[in-house]
Amino acid sequence: QSALTQPASVSGSPGQSITISCTGTSSDVGAYNYVSWYQQHPGKAPKVMIYDVSNRPSGVSNRFSGSKSGNTASLTISGLQAEDEADYYCISYTTSSTYVFGTGTKVTVL
Amino acid sequence: EVHLVESGGDLVQPGGSLRLSCGASGFTFSSYWVHWVRQTPGKGLVWVARIKGDERTMNYADSVKGRFTVSRDNAKNTVYLQMNTLRDEDTAVYYCARGAFHLYYLDYWGQGTLVTVSS
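Chain order of the listed sequences is A and B.
Each residue of the first sequence is one higher than the one before, counting from 7 in the working numbering.
Each residue of the second sequence is one higher than the one before, counting from 285 in the working numbering.
None of these hints come from the bench; they were simulated from the model.
It cannot be assumed that every hint is accurate.
Below, a list of computed lysine-lysine pairs in the DSS-like style, where the Cα atoms sit at most 27 Å apart [as the list claims (entries may be wrong)]:
(1) K53(A) with K327(B)
(2) K50(A) with K112(A)
(3) K53(A) with K74(A)
(4) K349(B) with K336(B)
(5) K53(A) with K336(B)
(6) K360(B) with K53(A)
(7) K327(B) with K74(A)
(8) K349(B) with K360(B)
(9) K327(B) with K349(B)
(10) K112(A) with K53(A)
(11) K74(A) with K112(A)
(12) K360(B) with K336(B)
(13) K50(A) with K336(B)
(14) K50(A) with K327(B)
(15) K327(B) with K112(A)
With the sequences and hints as input, model every part of the structure.
Below, the structure is given as C-alpha cells:
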C-alpha cells in the first residue's frame with residue numbers, strides 16, 4: 007500500500023486559486039469515488055473538507071472543491087485566504103477494504 | 285456533541301507492547317466504524333486500522349498487520365488498539381476517528397495520544 011502522491015508544497019497569494027493533486031492507482035483513487043481531503047493546522051487534528059471526491063460537509067466553505075480524473079484526484083481552493091495555510095491530505099478507500107493517505111501538501115499563503 | 289478521546293500513549297522499548305484506548309460519546313457508538321490513524325511528528329498521516337460496529341470486522345494496513353489488533357467494547361463505548369512487537373518506526377501520535385455513517389470518510393477525530401518507541 008504505497009502512499010498516494012501529492013506535491014510537497016503549493017503556494018499562492020490571497021485571492022488566488024490553487025490546486026493540489028493526489029495521484030494513486032486503479033486499486034485506490036481510480037477504483038471508487040471515495041476520495042476525501044483533510045486540512046490540518048499545526049498541533050491540531052485533521053478536519054474533513056471534501057468527501058466522495060467532490061462533496062462538502064456542512065460548514066465547509068464553498069471555496070473548497072474537489073474533482074477526479076482517472077487515478078488522480080484534485081482539491082481546489084479558490085479565493086485563497088490566510089486561514090487556508092495548513093497541511094492538506096487526501097485519502098482513498100482501496101480495493102483491499104483499507105485506506106491509504108496521500109503524502110501531504112503544505113499550502114503557503116504568500 | 286460527538287467526542288473521541290484517546291489514551292494510553294507512553295514510552296515503550298522496542299519489542300514491547302502497548303494498548304491504546306479510544307473513548308467515544310455523543311452518538312450511537314455501535315452503529316459506526318472507528319479508525320486508527322497515526323502521524324510521526326513532523327510527517328504525514330498514515331491509516332492504521334478500522335473496526336466495524338459489529339465488533340467482528342476489522343481491516344489493517346500492511347505495515348501493522350500481524351502486530352496490531354483493533355477491538356471494541358460497545359458496552360463501554362471504547363475502541364482499543366493493541367500494539368505488539370513495537371518498532372522505532374511505530375513512534376507517532378495515534379488518532380482515533382469515526383467513520384461517517386454509511387460513507388467512506390472520517391468525520392470526527394480525537395486529539396491523539398503519543399506513542400514513543402525507544403530504548
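We went through each hint and held it up to the structure:
no.	hint	verdict
1	K53(A) with K327(B)	17 Å, holds
2	K50(A) with K112(A)	15 Å, holds
3	K53(A) with K74(A)	20 Å, holds
4	K349(B) with K336(B)	17 Å, holds
5	K53(A) with K336(B)	21 Å, holds
6	K360(B) with K53(A)	26 Å, holds
7	K327(B) with K74(A)	25 Å, holds
8	K349(B) with K360(B)	25 Å, holds
9	K327(B) with K349(B)	21 Å, holds
10	K112(A) with K53(A)	15 Å, holds
11	K74(A) with K112(A)	20 Å, holds
12	K360(B) with K336(B)	15 Å, holds
13	K50(A) with K336(B)	26 Å, holds
14	K50(A) with K327(B)	13 Å, holds
15	K327(B) with K112(A)	11 Å, holds
Every hint from the earlier list agrees with this structure, and none is contradicted.
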